[in-house]
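Visitor: Based on the hints, put chain L in the right spot on chain G.
There are 2 protein chains.
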Amino acid sequence: MEGEDEVILLDFWASRYGMKVRIALAEKGIPYEYKEQDLMNKSQLLLDMNPVHKKIPVLIHNGRPVCESGIIVRYIDDVWNDKAPLFPSDPYAKARAMFWADFIDKKLNQLGKNLYTTNGEEHESSRKEFLGGLKLLEGELGDKPYFGVESFSFLDLSLIPFNSWFLVYEMYGKLNLEHECPKLTAWAKRCVENKESVSNTLPDKSKILAFSQDRRKKLGLE
Amino acid sequence: MEGEDEVILLDFWASRYGMKVRIALAEKGIPYEYKEQDLMNKSQLLLDMNPVHKKIPVLIHNGRPVCESGIIVRYIDDVWNDKAPLFPSDPYAKARAMFWADFIDKKLNQLGKNLYTTNGEEHESSRKEFLGGLKLLEGELGDKPYFGVESFSFLDLSLIPFNSWFLVYEMYGKLNLEHECPKLTAWAKRCVENKESVSNTLPDKSKILAFSQDRRKKLGLE
Chain G
1 MEGEDEVILL DFWASRYGMK VRIALAEKGI PYEYKEQDLM NKSQLLLDMN PVHKKIPVLI
61 HNGRPVCESG IIVRYIDDVW NDKAPLFPSD PYAKARAMFW ADFIDKKLNQ LGKNLYTTNG
121 EEHESSRKEF LGGLKLLEGE LGDKPYFGVE SFSFLDLSLI PFNSWFLVYE MYGKLNLEHE
181 CPKLTAWAKR CVENKESVSN TLPDKSKILA FSQDRRKKLG LE
Chain L
1 MEGEDEVILL DFWASRYGMK VRIALAEKGI PYEYKEQDLM NKSQLLLDMN PVHKKIPVLI
61 HNGRPVCESG IIVRYIDDVW NDKAPLFPSD PYAKARAMFW ADFIDKKLNQ LGKNLYTTNG
121 EEHESSRKEF LGGLKLLEGE LGDKPYFGVE SFSFLDLSLI PFNSWFLVYE MYGKLNLEHE
181 CPKLTAWAKR CVENKESVSN TLPDKSKILA FSQDRRKKLG LE
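Top line first, the protein sequences correspond to chains G and L. Per UniProt numbering, the very first residue in the first sequence carries number 1; after that it's consecutive. Per UniProt numbering, the very first residue in the second sequence carries number 1; after that it's consecutive.
Hints are computed from structural coordinates only; laboratory data are not their basis. Any given hint might turn out to be false.
Copies of one chain are not kept apart here, so a pair can be met inside one copy or by any two copies together.
Straight-line Cα separation of at most 27 angstroms, DSS-like style, residue types lysine-lysine; simulated pairs [stated by the list, open to error]: (1) Lys113 x Lys54; (2) Lys54 x Lys128; (3) Lys174 x Lys28; (4) Lys135 x Lys55; (5) Lys135 x Lys35; (6) Lys135 x Lys54; (7) Lys28 x Lys128; (8) Lys183 x Lys35; (9) Lys107 x Lys54; (10) Lys106 x Lys207; (11) Lys135 x Lys217; (12) Lys55 x Lys107; (13) Lys113 x Lys55; (14) Lys106 x Lys128; (15) Lys144 x Lys35; (16) Lys42 x Lys135; (17) Lys55 x Lys106; (18) Lys28 x Lys135.
Bear in mind that the values here come from a model prediction, so they are computed numbers and not experimental data.
Just chain G, with the same shape it has in the complex (with noise of 0.2 angstroms):
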């Protein structure tokens, strides 16, 4: 159905989330029309496209507006259907999947931003959590090559973002990835060298430990 679709995704560059829906929009390949948002002046687009919370990513499938990141990508899933399915086909395997997804976007996500957003205490709890949940993502992944029980799918397009970020977790939150969670650094290693989908879509490693800099700069932490 691509020939007469418009599709339009309102994102920033940087978002963890975004990174999730443009990979999967890779994975179809499904083109659309890009446009960055400003986050500090959001623009009457995004606030009539998502009143209820005003955040990217949001994807304007001809006309109708889909919000949250992870109801992106199944609706992307749903709507071309014809190739590279993007959940596991066995309910149980899938579920986990949407588990793991989840707790990548309620906990993780916020931990990793505690990393180099805040100080002392915060920080050291942050750091601890951060770095157990990682490895609770590594007993998932196991000796498999991807997540997804048959190939690269919804799981690991919801964790691979993290990878443009691990410069910035090794510095601010004092860690070794690969010494800490060997498989896992495999694992985004293995996505970015066979995934173009991943390769093309993830930002350069020092744009986003530039970015964070700035920020803590902002925020008076350096």
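Guide: Here is chain L on its own, set in the frame of chain G:
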């Protein structure tokens, strides 16, 4: 596949999240063993089955746990897919139902809780936001009999557990819901009158009121 299945639900009677799952199980006609949990003194079974969040509800299907109410409902719909579909078949309607259910879980639940567990400024701002949220949902319902496009479905079962809490919200939030949200009030009545899955699941409003009064006493609010 019911014949061979062992289905256990770890739950707490007053939980709005748990009620969602119980309604879904009732809609599908799935027999299960209900195991009430003491949330002040969590059982080893609960800790073993949901080590990450340590929360109810947990559905244990043939020994394997599924956690998080929205994910459990989807799992139920995927496994017992021969009757009573719980999601709209249209991808856009499904995405909207998921968006609002997520809004209820992430925002409305906490705001509703604040109505009977807080005082002062937090109470007043929660009251306004809670009512604003209900009015958004009233707008989403419009003049349809149920939120589901075709019938009672995911968004209906995600919101209807609030019905047993309405008395609490009205009393401590100083709200007149029939006046403020007439369409939602009529919808709730319709669900209770027409759906046995709902009327057999929702606890009595007076029991919920007594439960909330007990909570307030423990919090030193009365």
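Visitor: Which numbered hints are broken by the structure, listed smallest first?
Guide: 3, 5, 7, 8, 11, 15, 18
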